[in-house]
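> Single-letter residue listing:
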Amino acid sequence: MKHRSLFTAFLSMAFAALMLAGCANQMEPAQKAIADIEAAITAAGPDASQYIPDELQAVTSQLADLKAKFDQKDYKGVLAAAPALLTQAQGLAGAASSARQAAEAARAAALEALNAEWTTLSGTLPAAVAAIESRVNILSKSKKLPANLDAATFESVQAGLADSKALWDQATAAQASGNIEGAVTTARQVKEKTDAALAALGMTAG
Amino acid sequence: MEEKKSNPGIPAWGTPAVDTTTREAAATGENPYTQWYEVKKGDTLWKIAKEHYGDGSLYMDIFNANQDTLSDPDKIQVGQKLRIP
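Residue numbers (our numbering), protein chains in the order written: chain A, 26 to 231; chain B, 37 to 121.
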């Protein structure tokens with residue numbers, strides 16, 4: 026009976042030793058798997074957080090789960106989930122690069138569109154302002170306004186003309202300083218005002 | 037291009053336009069926002085100024101803006117296109 030009890034204890038200890046050895050064997054690969062995933066995330070660089078934040082968040086969230094498993098000594102679980110996550114993490118760099126290129130292309134296209142719009146606006150608005158100013162100067166000398174123009178509307182046109190000239194100065198200054206977006210935004214305001222003035226004065230393009 | 041002579045007894049800006057061949061205004065280098073007016077029978081610069089400015093006495097502004105085609109504010113022709121500055 027005593028021999029049997031000793032034998033059972035020996036078996037239990039041997040089993041426990043084997044289990045510990047097994048765990049120890051899986052700990053290092055699990056640690057390396059996590060390190061590889063972290064390295065892949067790092068390789069994706071800041072582009073990942075800037076251009077594909079959702080994908081990056083998904084990977085880092087799963088990595089946190091893996092680390093929790095590791096802390097719980099569930100190395101087997103870590104090793105089971107790591108390959109898929111590593112593949113996902115390794116894809117981040119390429120996805121971030123593609124997203125950055127797409128964003129840069131979109132920015133270039135937007136800039137080109139802004140430059141084209143500026144070319145159009147800068148080619149027409151000074152002429153519109155000049156035509157309105159000429160008419161306003163003449164009407165200012167008139168003893169009586171024409172039938173289709175009341176005094177309040179004329180005052181509004183005069184104020185709009187002053188605003189348009191000031192805004193146009195701002196737009197050209199913005200364009201000269203390289204702020205094409207600001208230049209176009211301001212020039213659009215000038216266009217709204219000049220269109221309104223031309224309509225109020227009954228002036229149609231020749 | 038035929039022009040009817042104005043009546044010397046009528047003020048220059050008061051002579052009505054008469055039917056003549058339309059003379060096209062030169063478009064090159066024009067401000068695209070320039071307003072144009074096509075002269076009708078019976079028009080005078082005074083009448084055109086009154087219509088556009090509310091004050092016929094401002095007819096010289098129209099004349100001055102059209103000196104490339106007008107040599108005399110009295111001589112405007114039906115169909116002629118005038119800048120309205």
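No lab work stands behind these hints, which were simulated from the structure alone. Mixed in with the good hints there might be a few duds.
[Stated by the list, open to error] Pairs of lysine-lysine, DSSO-like flavour, derived with a Cα cap of 30 Å:
| id | chain 1 | residue 1 | chain 2 | residue 2 |
| --- | --- | --- | --- | --- |
| 1 | B | Lys111 | A | Lys168 |
| 2 | A | Lys216 | B | Lys117 |
| 3 | B | Lys86 | A | Lys169 |
| 4 | A | Lys169 | A | Lys190 |
| 5 | B | Lys76 | A | Lys57 |
| 6 | A | Lys101 | A | Lys169 |
| 7 | B | Lys76 | A | Lys190 |
| 8 | B | Lys111 | B | Lys76 |
| 9 | A | Lys190 | B | Lys86 |
| 10 | B | Lys111 | A | Lys216 |
| 11 | A | Lys57 | A | Lys94 |
| 12 | B | Lys76 | A | Lys168 |
| 13 | B | Lys111 | B | Lys86 |
| 14 | A | Lys216 | A | Lys169 |
| 15 | A | Lys98 | A | Lys57 |
| 16 | A | Lys98 | B | Lys117 |
| 17 | A | Lys166 | A | Lys216 |
| 18 | B | Lys77 | A | Lys166 |
| 19 | A | Lys190 | B | Lys77 |
> Honestly, which of those hints from before does the structure not fit?
5, 6, 7, 10, 16, 19
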